[in-house]
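Asker: Protein sequences appear in the order of chains A and B. Residue numbering for the first sequence follows the numbering used here, starting at 231 and increasing by one per position. Residue numbering for the second sequence follows the numbering used here, starting at -15 and increasing by one per position.
Mixed in with the good hints there might be a few duds.
Claimed, not checked - Straight-line Cα separation of at most 20 Å, SDA-like style, residue types lysine to any residue; simulated pairs:
{"#": "1", "chain 1": "A", "residue 1": "K312", "chain 2": "B", "residue 2": "K277"}
{"#": "2", "chain 1": "A", "residue 1": "K312", "chain 2": "B", "residue 2": "S356"}
{"#": "3", "chain 1": "A", "residue 1": "K312", "chain 2": "B", "residue 2": "L349"}
{"#": "4", "chain 1": "A", "residue 1": "K308", "chain 2": "B", "residue 2": "H316"}
{"#": "5", "chain 1": "A", "residue 1": "K312", "chain 2": "B", "residue 2": "M348"}
{"#": "6", "chain 1": "A", "residue 1": "K286", "chain 2": "B", "residue 2": "T225"}
{"#": "7", "chain 1": "B", "residue 1": "K325", "chain 2": "A", "residue 2": "V517"}
{"#": "8", "chain 1": "A", "residue 1": "K312", "chain 2": "B", "residue 2": "Y358"}
{"#": "9", "chain 1": "B", "residue 1": "K365", "chain 2": "A", "residue 2": "D329"}
{"#": "10", "chain 1": "A", "residue 1": "K312", "chain 2": "B", "residue 2": "T351"}
{"#": "11", "chain 1": "B", "residue 1": "K344", "chain 2": "A", "residue 2": "Y315"}
{"#": "12", "chain 1": "A", "residue 1": "K308", "chain 2": "B", "residue 2": "A336"}
{"#": "13", "chain 1": "B", "residue 1": "K325", "chain 2": "A", "residue 2": "G369"}
{"#": "14", "chain 1": "B", "residue 1": "K368", "chain 2": "A", "residue 2": "P518"}
{"#": "15", "chain 1": "B", "residue 1": "K277", "chain 2": "B", "residue 2": "V246"}
{"#": "16", "chain 1": "B", "residue 1": "K368", "chain 2": "A", "residue 2": "D329"}
{"#": "17", "chain 1": "B", "residue 1": "K325", "chain 2": "A", "residue 2": "E385"}
{"#": "18", "chain 1": "B", "residue 1": "K368", "chain 2": "A", "residue 2": "P514"}
{"#": "19", "chain 1": "B", "residue 1": "K333", "chain 2": "A", "residue 2": "Y315"}
{"#": "20", "chain 1": "B", "residue 1": "K325", "chain 2": "A", "residue 2": "N370"}
{"#": "21", "chain 1": "A", "residue 1": "K363", "chain 2": "B", "residue 2": "K368"}
{"#": "22", "chain 1": "A", "residue 1": "K312", "chain 2": "B", "residue 2": "D326"}
{"#": "23", "chain 1": "A", "residue 1": "K308", "chain 2": "B", "residue 2": "T225"}
{"#": "24", "chain 1": "B", "residue 1": "K325", "chain 2": "A", "residue 2": "S372"}
{"#": "25", "chain 1": "B", "residue 1": "K325", "chain 2": "A", "residue 2": "K308"}
{"#": "26", "chain 1": "B", "residue 1": "K325", "chain 2": "A", "residue 2": "T367"}
{"#": "27", "chain 1": "B", "residue 1": "K365", "chain 2": "A", "residue 2": "G369"}
{"#": "28", "chain 1": "B", "residue 1": "K365", "chain 2": "A", "residue 2": "Y328"}
{"#": "29", "chain 1": "A", "residue 1": "K363", "chain 2": "B", "residue 2": "Y327"}
{"#": "30", "chain 1": "A", "residue 1": "K484", "chain 2": "B", "residue 2": "S356"}
{"#": "31", "chain 1": "A", "residue 1": "K308", "chain 2": "B", "residue 2": "N371"}
{"#": "32", "chain 1": "A", "residue 1": "K363", "chain 2": "B", "residue 2": "H316"}
{"#": "33", "chain 1": "A", "residue 1": "K308", "chain 2": "B", "residue 2": "K368"}
{"#": "34", "chain 1": "A", "residue 1": "K363", "chain 2": "B", "residue 2": "V328"}
Bear in mind the hints are in silico, worked out from the structure with no lab data behind them.
One-letter residues, chain by chain:
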Amino acid sequence: MKNLQYKVIVGLEIHVQLCTKSKMFCGCAIEFGAEPNSRVCPVCLGMPGVLPVMNKLAYEYAVLVGLALNCEIAMFTKWDRKSYYYPDLPKNYQISQYDLPLSTNGCIEIPLESGRTKKIRIIRAHLEEDAGKNLHTAGNFSQVDLNRTGTPLLEIVTEPDMNSGEEVRALAVELQRMVRFLGVSEADMQKGHMRFEPNINLAITKDGREYKTPIVEIKNLNSFRALERSISYEEQRQLDEFLDTGKVIEMGNKTTRGWDDEREMSVLQREKEEAHDYRYFPEPDLVPVELTPEWLDDIRSRLCELPLKRQMRYVRDNNLSDYDAGVLTADRSTADFFDEVVKAGGEPKRVCNILTQTGLKIANERGCGVNDLGVTPRSVAGLVRMIEADTISASSSVPIFEAMVETAKEPEVLAEELNLIQKSDAGELEAVVDQVLAENPGAVEDVNSGGKKSKKARGFLLGQVMQKTKGQANPKVVSEILARKLG
Amino acid sequence: MTFPMEELSARELRDGISAGRIRSVEVTRAVFERIENFGPVLGTYISTYEDKALKTAADVDRRVAAGEPVGQLAGVPVAVKDNMCTTFGATTCASKILENFHAPYNATVVEKLIAADAVIVGKANMDEFAMGSSTENSGLKQTVNPWDTSRVPGGSSGGSAAAVAGRLCFAALGSDTGGSIRQPASFCGVVGLKPTYGRVSRFGLVAYGSSLDQIGPITRTVADTALMMNVIAGHDPADSTSVDETIGPVCDYLEKLDEPLVKLKIAVVPEFVAGADEQVQKALSDALDIYKKLGAEITKIDMPHLDYAIAAYYIIATAEASSNLARYDGVHYGHRTDNPKDYVEVYSKSRAEAFGKEVKRRIMLGTYALSSGYYDAYYLKALKVRNLIRGDFTSAFENCDCIVMPVSPTTAFKIGEKINDPLQMYLSDIYTIAANLAGIPGISIPCGFDDKNLPIGLQILAPTFGEEKLLRIAGMYEKETDWHKKEPSICK
Chain A
231 MKNLQYKVIV
241 GLEIHVQLCT
251 KSKMFCGCAI
261 EFGAEPNSRV
271 CPVCLGMPGV
281 LPVMNKLAYE
291 YAVLVGLALN
301 CEIAMFTKWD
311 RKSYYYPDLP
321 KNYQISQYDL
331 PLSTNGCIEI
341 PLESGRTKKI
351 RIIRAHLEED
361 AGKNLHTAGN
371 FSQVDLNRTG
381 TPLLEIVTEP
391 DMNSGEEVRA
401 LAVELQRMVR
411 FLGVSEADMQ
421 KGHMRFEPNI
431 NLAITKDGRE
441 YKTPIVEIKN
451 LNSFRALERS
461 ISYEEQRQLD
471 EFLDTGKVIE
481 MGNKTTRGWD
491 DEREMSVLQR
501 EKEEAHDYRY
511 FPEPDLVPVE
521 LTPEWLDDIR
531 SRLCELPLKR
541 QMRYVRDNNL
551 SDYDAGVLTA
561 DRSTADFFDE
571 VVKAGGEPKR
581 VCNILTQTGL
591 KIANERGCGV
601 NDLGVTPRSV
611 AGLVRMIEAD
621 TISASSSVPI
631 FEAMVETAKE
641 PEVLAEELNL
651 IQKSDAGELE
661 AVVDQVLAEN
671 PGAVEDVNSG
681 GKKSKKARGF
691 LLGQVMQKTK
701 GQANPKVVSE
711 ILARKLG
Chain B
-15 MTFPMEELSA
-5 RELRDGISAG
5 RIRSVEVTRA
15 VFERIENFGP
25 VLGTYISTYE
35 DKALKTAADV
45 DRRVAAGEPV
55 GQLAGVPVAV
65 KDNMCTTFGA
75 TTCASKILEN
85 FHAPYNATVV
95 EKLIAADAVI
105 VGKANMDEFA
115 MGSSTENSGL
125 KQTVNPWDTS
135 RVPGGSSGGS
145 AAAVAGRLCF
155 AALGSDTGGS
165 IRQPASFCGV
175 VGLKPTYGRV
185 SRFGLVAYGS
195 SLDQIGPITR
205 TVADTALMMN
215 VIAGHDPADS
225 TSVDETIGPV
235 CDYLEKLDEP
245 LVKLKIAVVP
255 EFVAGADEQV
265 QKALSDALDI
275 YKKLGAEITK
285 IDMPHLDYAI
295 AAYYIIATAE
305 ASSNLARYDG
315 VHYGHRTDNP
325 KDYVEVYSKS
335 RAEAFGKEVK
345 RRIMLGTYAL
355 SSGYYDAYYL
365 KALKVRNLIR
375 GDFTSAFENC
385 DCIVMPVSPT
395 TAFKIGEKIN
405 DPLQMYLSDI
415 YTIAANLAGI
425 PGISIPCGFD
435 DKNLPIGLQI
445 LAPTFGEEKL
455 LRIAGMYEKE
465 TDWHKKEPSI
475 CK
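Could you build all of it, start to finish, from the sequences and the hints given here?
Answerer: This is how it looks when you write it as structure tokens:
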């Protein structure tokens, strides 16, 4: 075994559902969970005589992703029919793109554990229409729900540039964040907005010779976890199989396996890559899309700073931890809100704390974004400045923020109303301290005795002062007075 | 017969009804009387809608009486080929697979007919899915030629052409993928226009060869064709391939119809025409003599790639058809086999049971042509030929206004004569196919009769969006002749 080394090689095919209001080629609404076959029309039902009309926004969304993936954008792109018979495909062909996809030759950076990034090459990204769903819950027959039929899908194909489950997961997460930032997909895994099909094999060096195992394509992956696990699983399975049989890659021995989420293993679905002949040919019912430089510029103007770049900027320029920067850049509205608060004069680290610890928590409870809470970036910056100026304690920011959401009043007003203005006046506080010391001679004695009890007694005395001032005393000032009085 | 309708064109009828001189209800009743008398012999209609038609007619009459405005086809009884979807009745494409298919929407052209106050009397028979040149491929009924009931009416719009020729309507819509309007119009002695590809919306036309299909009128006179075009032409947002009117403006095709073209330059392709029947060639040269008399200059041109038109057409059309007809699978609508053993059998048996022979033949041809390993040799090659043919026309039209040739090498042939020899049948499309490949408009007008008293058609081809000119050129000839006034004896 000493003489054996191996590396897993993974390429990904990703389908991303675009969040246009209507379908790719008709006016039907896209709605998850609607009553079966209620979001359909003659066009997406593939009735005789109907014709498709391209959803321009879906095309623009696709180009936007192409740009974000650093692809070459085709100035001329066309549609093709991909033929296969399946009950969830009413026309028995899918309108897709074959030899002239709208974008090619791109790349995406993914973050690695080490803090570095890796470049994964993108072969192409093209648009197509989704199929419906076959339901096998009705006993002797199957049912077909065509609500999903015709939903715009962006298919992204990577080069086999990934070499671990972690890398594959990182790409998936990065892509999810990217399309959400661009506002082109909700990218909700549970709703099937993102579907992954990895192609996996091993490059093995044994006794100085190179071998490659047959490629396996995995289907039915509906979570990042399953995606990552499936690769680790395949890695081991293919190694065992190679050692057992010595089978190597050759024409036509690609297999398809399905992922069994419960048993955490892949199961053989198709032994040999069936000689699929999709009989592609240009879709005669649609005209090719000719992109003009002006149109492309217009789409390009909708690009934004992408999440990974932004995350790295927060770490580099704002001194945030990688984790916090990741939380802020999980979606664009949070990151944009953060930037605006910082721009309004909030110290970045404190802004981050307020947003991640309080803002996002309330937003999650309400099922909205931090930007939808009715709190302006300027007020949040004001709140941060009050902490910085010791006007309020850091912990008081929580009830004040909550009250800002409830009342839309300014933090300065709320701090007053809630009696959360800190008392830092040494003279005033000294009187309270004196009173507390007089009332608690036992504790004073404990402090003076030194040793174990001393620390606890100090804490107790501080607590008493805070209680008497209803939490408004500045603990820092009180500690100083206590230290001075008790030595 | 209570009404001398054979004497009136659709336009004259429309004028009479709009002016309150003629009542649409009366004409519509007369048409249905004829349908009752001659329909069973001619086999023109798959379905008719008497009650609905009379209701529309009565409504038009009432509006005319009330002085309300009425549409361009006010009260005119028309037929629609049964491959155009209608919310009333079935839309069968003359196929068993769609025998009971009721469309939930109207084709754009049907909507336009309705908006123009036309009275739709019925859905006309055709070759199944418009595949054929004789209407013998109808899966539902046989249509015969009104001039000789032992002969075919041509196809695939045979029902529409026979209905117009037999006076079972005043005008009809057909569709033309490789000659399916022009050839039956020629066989039945009426006028048929295939407009420029994209001139008329295909939305709701059940597709055969999507890049070739085009809807057009079949009428008794050139003016009626112009009138029908005024109603159906134009951009449709529901059809991406329909032409933007800023590129190809639609005009009033009747406005200048009676103005002859001065310095008309007509081109002929002598070598290409040499294969036609002698009597057909004679009719063509007689027609050219008339144009000469009218001052036209005739030039001879060479179109080197026309010989490959049939081969290219039968690759492209069948390839598209194999894909267009994939949806008739027994799953979502249409005929479904009884007791299939699995879903694959739902497909294979439903299709095997309900498609006719010619449809199956073309699906197989097209599937083969698109298969991996054959695509380049067949489909791609055919597209190249198509481009060369387009080029031939583009250069030809640099030096002429139109090209004139026969519509078909023969007049109407006997029922059964070619049905078992598909290749012979395909060859009868030789003069019509090129216009579809090039996307240009072409018209068939009556230009004589052979010794069996069968009509002969004259085909005139014009450049893209040249319909206005084309109709004027056709009108010049029509004014000099009275072939279009002849009627089959069955009408008398």
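Asker: The structure should be examined with respect to each hint, and the outcome stated for every one.
Answerer: Results for each hint:
1. A:K312 <-> B:K277: violated, 55 Å
2. A:K312 <-> B:S356: holds, 12 Å
3. A:K312 <-> B:L349: holds, 18 Å
4. A:K308 <-> B:H316: This hinted pair is violated, its Cα atoms lying about 28 Å apart.
5. A:K312 <-> B:M348: Holds, at about 17 Å.
6. A:K286 <-> B:T225: holds, 16 Å
7. B:K325 <-> A:V517: At roughly 40 Å apart (the allowed maximum being 20 Å), V517 (chain A) and K325 (chain B) break the hint.
8. A:K312 <-> B:Y358: Distance ~16 Å between K312 (chain A) and Y358 (chain B) Cα, so the pair holds.
9. B:K365 <-> A:D329: holds, 17 Å
10. A:K312 <-> B:T351: Distance of about 12 Å is within 20 Å: holds.
11. B:K344 <-> A:Y315: holds, 17 Å
12. A:K308 <-> B:A336: With a Cα-Cα distance of about 33 Å, the restraint between K308 (chain A) and A336 (chain B) is violated, given a limit of 20 Å.
13. B:K325 <-> A:G369: holds, 15 Å
14. B:K368 <-> A:P518: holds, 18 Å
15. B:K277 <-> B:V246: Distance of about 12 Å is within 20 Å: holds.
16. B:K368 <-> A:D329: holds, 17 Å
17. B:K325 <-> A:E385: violated, 35 Å
18. B:K368 <-> A:P514: holds, 16 Å
19. B:K333 <-> A:Y315: holds, 14 Å
20. B:K325 <-> A:N370: Since the Cα atoms of K325 (chain B) and N370 (chain A) sit roughly 12 Å apart, the hinted pair holds (cutoff 20 Å).
21. A:K363 <-> B:K368: violated, 39 Å
22. A:K312 <-> B:D326: Distance ~23 Å between K312 (chain A) and D326 (chain B) Cα, so the pair is violated.
23. A:K308 <-> B:T225: Since the Cα atoms of K308 (chain A) and T225 (chain B) sit roughly 13 Å apart, the hinted pair holds (cutoff 20 Å).
24. B:K325 <-> A:S372: With a Cα-Cα distance of about 13 Å, the restraint between K325 (chain B) and S372 (chain A) holds, given a limit of 20 Å.
25. B:K325 <-> A:K308: violated, 39 Å
26. B:K325 <-> A:T367: Cα-Cα ~19 Å, so holds.
27. B:K365 <-> A:G369: violated, 49 Å
28. B:K365 <-> A:Y328: With Cα atoms ~18 Å apart, K365 (chain B) and Y328 (chain A) stay inside 20 Å; holds.
29. A:K363 <-> B:Y327: holds, 15 Å
30. A:K484 <-> B:S356: holds, 19 Å
31. A:K308 <-> B:N371: holds, 18 Å
32. A:K363 <-> B:H316: holds, 13 Å
33. A:K308 <-> B:K368: holds, 18 Å
34. A:K363 <-> B:V328: holds, 17 Å
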